[in-house]
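**Q** For the record, the sequence lines run as chains A and B. Everything in the first sequence is counted per my numbering, starting at 3 for the first residue and increasing by one. Everything in the second sequence is counted per my numbering, starting at 3 for the first residue and increasing by one.
Since the hints were derived computationally from the structure, they do not count as laboratory data. Honestly, I wouldn't trust all of these hints.
All copies of an identical chain are treated as equivalent in the list; a pair is satisfied when it fits inside any one copy or across any two copies.
[Claimed, not checked] The list that follows gives simulated cross-link-like pairs (lysine-lysine, DSSO-like), each with its CA atoms no further than 30 Å apart: (1) Lys298 to Lys557; (2) Lys557 to Lys459; (3) Lys298 to Lys495; (4) Lys495 to Lys297; (5) Lys434 to Lys222; (6) Lys297 to Lys459; (7) Lys297 to Lys176; (8) Lys222 to Lys176; (9) Lys557 to Lys297; (10) Lys434 to Lys298; (11) Lys557 to Lys391; (12) Lys434 to Lys201; (13) Lys459 to Lys298; (14) Lys459 to Lys495; (15) Lys201 to Lys176.
Note that this is a predicted model, so its numbers are computed, not measured.
Protein chains: 2
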Amino acid sequence: MSRLTRYVPVLDWGRSYSRDALSNDLIAAVIVTIMLIPQSLAYALLAGLPPEAGIYASIIPILLYAIFGTSRALAVGPVAVVSLMTAAAVGQVAEQGTMGYAVAALSLALLSGVMLLAMGVFRMGFVANFLSHPVIAGFITASGVLIATSQLKHIFGVTAHGHTLFGIIGSLLKHLPDANPITAILGAGATVFLFWVRKGLRQFLMRLGLSAKLADVATKAGPVAAVLATTLIVWGFGLDANGVAIVGEVPQGLPPLTMPSFSPDLLATLFLPALLISVIGFVESISVAQTLAAKKRQRIDPDQELIGLGAANIGAAFTGGYPVTGGFARSVVNFDAGAETPAAGAFTAIGLAIAAVALTPLVYFLPKATLAATIIVAVLSLVDFSILKRTWNYSRADFLAVTATILLTLGLGVEAGVSAGVLLSLALHVYKTSRPHVAEVGLVPGTQHFRNINRHKVETCPGLLSLRIDESLYFVNARFLEDLIFERLARDKTLRNVILMCSAINEIDYSALESLEAINQRLTEQGIGLHLSEVKGPVTDRLRTTHFLDHLNGKVYLSQYEAWQQLSADQTRFDVA
Amino acid sequence: MSRLTRYVPVLDWGRSYSRDALSNDLIAAVIVTIMLIPQSLAYALLAGLPPEAGIYASIIPILLYAIFGTSRALAVGPVAVVSLMTAAAVGQVAEQGTMGYAVAALSLALLSGVMLLAMGVFRMGFVANFLSHPVIAGFITASGVLIATSQLKHIFGVTAHGHTLFGIIGSLLKHLPDANPITAILGAGATVFLFWVRKGLRQFLMRLGLSAKLADVATKAGPVAAVLATTLIVWGFGLDANGVAIVGEVPQGLPPLTMPSFSPDLLATLFLPALLISVIGFVESISVAQTLAAKKRQRIDPDQELIGLGAANIGAAFTGGYPVTGGFARSVVNFDAGAETPAAGAFTAIGLAIAAVALTPLVYFLPKATLAATIIVAVLSLVDFSILKRTWNYSRADFLAVTATILLTLGLGVEAGVSAGVLLSLALHVYKTSRPHVAEVGLVPGTQHFRNINRHKVETCPGLLSLRIDESLYFVNARFLEDLIFERLARDKTLRNVILMCSAINEIDYSALESLEAINQRLTEQGIGLHLSEVKGPVTDRLRTTHFLDHLNGKVYLSQYEAWQQLSADQTRFDVA
Chain A
3 MSRLTRYVPV LDWGRSYSRD ALSNDLIAAV IVTIMLIPQS LAYALLAGLP
53 PEAGIYASII PILLYAIFGT SRALAVGPVA VVSLMTAAAV GQVAEQGTMG
103 YAVAALSLAL LSGVMLLAMG VFRMGFVANF LSHPVIAGFI TASGVLIATS
153 QLKHIFGVTA HGHTLFGIIG SLLKHLPDAN PITAILGAGA TVFLFWVRKG
203 LRQFLMRLGL SAKLADVATK AGPVAAVLAT TLIVWGFGLD ANGVAIVGEV
253 PQGLPPLTMP SFSPDLLATL FLPALLISVI GFVESISVAQ TLAAKKRQRI
303 DPDQELIGLG AANIGAAFTG GYPVTGGFAR SVVNFDAGAE TPAAGAFTAI
353 GLAIAAVALT PLVYFLPKAT LAATIIVAVL SLVDFSILKR TWNYSRADFL
403 AVTATILLTL GLGVEAGVSA GVLLSLALHV YKTSRPHVAE VGLVPGTQHF
453 RNINRHKVET CPGLLSLRID ESLYFVNARF LEDLIFERLA RDKTLRNVIL
503 MCSAINEIDY SALESLEAIN QRLTEQGIGL HLSEVKGPVT DRLRTTHFLD
553 HLNGKVYLSQ YEAWQQLSAD QTRFDVA
Chain B
3 MSRLTRYVPV LDWGRSYSRD ALSNDLIAAV IVTIMLIPQS LAYALLAGLP
53 PEAGIYASII PILLYAIFGT SRALAVGPVA VVSLMTAAAV GQVAEQGTMG
103 YAVAALSLAL LSGVMLLAMG VFRMGFVANF LSHPVIAGFI TASGVLIATS
153 QLKHIFGVTA HGHTLFGIIG SLLKHLPDAN PITAILGAGA TVFLFWVRKG
203 LRQFLMRLGL SAKLADVATK AGPVAAVLAT TLIVWGFGLD ANGVAIVGEV
253 PQGLPPLTMP SFSPDLLATL FLPALLISVI GFVESISVAQ TLAAKKRQRI
303 DPDQELIGLG AANIGAAFTG GYPVTGGFAR SVVNFDAGAE TPAAGAFTAI
353 GLAIAAVALT PLVYFLPKAT LAATIIVAVL SLVDFSILKR TWNYSRADFL
403 AVTATILLTL GLGVEAGVSA GVLLSLALHV YKTSRPHVAE VGLVPGTQHF
453 RNINRHKVET CPGLLSLRID ESLYFVNARF LEDLIFERLA RDKTLRNVIL
503 MCSAINEIDY SALESLEAIN QRLTEQGIGL HLSEVKGPVT DRLRTTHFLD
553 HLNGKVYLSQ YEAWQQLSAD QTRFDVA
């Protein structure tokens, strides 16, 4: 694969594009386009942007991803969590509905795009690993709750603000007396209908005799049916005159050329939100892409994915969009509908462009409550608190991280929640390494293998202490080992030799080296031998650059068994040199 | 030892206090008192406080430490680095010389005292370990440079401000034209004299025939001699009228009862500086205490030391002082002078109280330039850039941490410097664990021991891949292992079994568990066996709470040798269950 095709995968798959693939991609594109029209409008609403922004964000970004991305099925565009994060970030710098708000959303997309691109070029896809699985699961669940709650205002036809659960609920309760009853009936009706479509329609249709495949298609058309029905109701009864909020006029035309703001102040304020959006968007996207690729034994290149998503976001920034990423629902639909190559995405973009030019007048009477209902039903499928139970059973540290992520996301907002989750996970990991497990080991009879004396039936030798240190030695735990050894020595005055079994020591940093030197010196003063066994190659290499091995009063043994053989035979007291 | 004597060590050593100990303690106290009078005034000057604050900070805090501390030789009071940090912290909230400034210093001492006490009661002495040795060394060196530079203004008799190296030098250069020549001559003379006292006087006196002991005493009296000489010169020639800045009137009397401010805003602003001062003061103090205790085979209890230092700082807050800790120079002098118990500290406090009541008029004509000279000469002994060379040779990560600490301390100030050092050390450690060393291992002939095939002559078996993973598996590196295994499998299509040798895996968190499940599933699909060997007790315990071991397509072996024996014999292709 040449350098160019590595960075522009379209040159690879495009060369062997077949007629079969074309027809499959076209069918998938039609299905995804129909699904994306209401979804794009709805997510724009969630992001606090005019509805057309959602459509625009699905056109050029999809095309750019089709050129630069590696996933065959990923559908890029506005997604729920990133839309919520956009609203939280841009809400800090501008009022919803102003020009400044839309421009700030463009700047956010640009920043995010440049970050993703830079991470891709510098092959920094690994940063996504800093979000642990439980933190992501907790964050997505809490975001789902926040999003659903934030949409209730449209269901009731009131105004409400806030980026935290209590903020939103408080604001909602305050305005509830102004609720519009007709809006509420429409909104609640659409919500119930969509829940039923999701949970019961498929079985109902199959009981009526429809094939499973047809029933599936009908289920996916549910949101479109809700959109059509409520639009017709509002139009037919003139309900917009009765206070039902509608989408209204949406400009007809292709995505406009737009210019994000480059104000240094604005970019500085949006820097951290953009970073979080980039990393979370990337994690969501890559998870979907890898899941789908694994089903067809295809490979995803995470660094190239960063480049694809980066290009998509930069595209969004200059064509009236806002931050985008690979969405779960739309990608699964695309995959299920038979998409074979990223060309399906390109055809979807064309379909949406046609919709933007020709169909926007049709959504004039579409009630916002219906869009809110589609969001609520979609995001509640993201809500899954089972991660709490699963981590509780496995590891309290993971449980703590996920609980903090959920509570802080709900209580302080998305940015605080996910940042706290990452930092807490790291802090807990460091804390665990600060008090390492140290096992006193003995020989498993009949083998050359050494195990914890408290867990296995093993042979020990009087006067000889073998300690297996289950952690790398570094500044955070350097003092711990020193305290532990001398506390152990104080309890057993007959000890002559100490062997540190280093099979689990993957690193010894400068602080730990100084600590080992201090241990060696104190043991030497007490006439006790200090020996090392099973020191790994990289650790030995580094120790050789110092005088520690010269000062060591004992020896370094290749294996613990060798050390044991020599030292258990040596019953004479160690002589201080 | 009862609970009470654990928390109040004076009840332990006080009971067996002997006449010999009394006379040794008294002698040490006299020597330390003489040394502390100019030092206390000088450090108060460095902290931006009136000179008497330095004396006050040495009286009640010493008494409280004598009751609650565990070190027999530690001398508590103002020290250079903490004085500098106090100036940086309090300078953010008030102007030097104002009442608010002195009150904020009291609040800082109170906050720091409460934090230390809380850390002691909750046995959190381990937090000190987060400061790695190189970071401390770099921080102390950079602080020494900052302190020395900050005192040049007094040597030249000008005003200058700033908490960073460039800030101080810039301000100094701007005001240098206003320098007072007489002050400069006095200051430079005192500095040169004190350097000579430190470097050459001892040898000079011994060449004159003095005993080593007497020469030592004379060397220590150097600062007192400089104080006396310059005070007499200023008084004799009336130089204060010629613009030489003098200490002036210092209130005569015992430490006053003072009340720190409890303003929530102030306490919030001072919170982080107080935490840094607490931790750094504790690290400095405990290092000195442990070094001195080791020489006499005494034991220091870090958690009780926190309580002792906490009590001392709270004492300082209510008696006109500012944050204190155990100082290196004064403790060594105390130790060398023969102090046997904390009573020496109590006698020093009495000596200083007498000085505060009776001797303050004597320092009226003491030039501030002389105090600055004593600080400069004292702190330059802290400056030691050799840590750069030592860490460079041993570990680039440690080198990076110490370099960042030094540069940021000099460039942005003490708080930014030490915080960056700690965070960078942790980040580098986490980064290292994100790309763990993984060794392919084989059997060392004639043993049951397995080593890296690239470093040792070992036996391998076709179709069998043994990987030793040299790191705990957790979210940061969970994906890494998956990529590595499948990249390795892609290169060798003949593989039938993979053994993960887990001797260096100290933890498997929830994310890594999910990753292992994914690896197991993909290997199962490809008809390749996945086996684990040498899984540690705590890791096994945790895996047993999940279904992973049931799903695992291969086995868990006690030792790598056992796994090797079984699987190298089994030449049949693994059967998918």
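**Q** Now tell me if each hint is right for this structure.
**A** For each hint, the structure was consulted:
In this assembly of identical chains, the alpha carbons of lysine 298 and lysine 557 lie at most 30 Å apart only when taken from different copies (29 Å versus 54 Å within one copy). For a Cα distance limit of 30 Å, the shortest separation of lysine 557 from lysine 459 qualifies both inside one copy, at 27 Å, and across copies, at 21 Å. Taking identical chains as interchangeable, the C-alpha atoms of lysine 298 and lysine 495 lie at most 30 Å apart only when they sit on different chains, with a minimum of 19 Å there against 65 Å within one chain. Taking CA atoms no more than 30 Å apart as the test, lysine 495 paired with lysine 297 passes between copies only; the shortest distance there is 21 Å, against 63 Å inside one copy.
For a Cα distance limit of 30 Å, the shortest separation of lysine 434 from lysine 222 qualifies neither inside one copy, at 47 Å, nor across copies, at 46 Å. Taking the closest pair of Cα atoms, lysine 297 and lysine 459 never come within 30 Å of each other, the shortest separation being 46 Å inside a single copy and 41 Å across copies. Taking the shortest alpha-carbon separations for lysine 297 and lysine 176, neither the intra-copy value of 49 Å nor the inter-copy value of 71 Å comes in at or below 30 Å. For the homomeric pair lysine 222 and lysine 176, neither the shortest alpha-carbon distance inside one copy (36 Å) nor that between copies (74 Å) is at most 30 Å.
In the homo-oligomer, the alpha carbons of lysine 557 and lysine 297 lie at most 30 Å apart only across protomers (27 Å), although the nearest pairing inside one protomer, at 53 Å, exceeds that limit. Within a single copy, lysine 434 and lysine 298 get their C-alpha atoms no closer than 39 Å, and across copies no closer than 34 Å, so neither meets the 30 Å cut-off. For the identical chains of this complex, lysine 557 and lysine 391 are inter-copy neighbours only, at 28 Å across copies versus 49 Å inside a copy, given an alpha-carbon limit of 30 Å. In this assembly of identical chains, the alpha carbons of lysine 434 and lysine 201 never lie at most 30 Å apart, being 44 Å within a copy and 47 Å across copies at closest.
When the C-alpha separation of lysine 459 and lysine 298 is checked against a cutoff of 30 Å, the pair qualifies neither within a copy, at 49 Å, nor between copies, at 41 Å. For the identical chains of this complex, lysine 459 and lysine 495 are intra-copy neighbours only, at 24 Å inside a copy versus 40 Å across copies, given an alpha-carbon limit of 30 Å. Proximity of lysine 201 to lysine 176 under the C-alpha cut-off of 30 Å is found in neither arrangement, the shortest distances being 33 Å within a copy and 77 Å between copies.
Violated hints for the displayed structure, listed by number in ascending order: 5, 6, 7, 8, 10, 12, 13 and 15.
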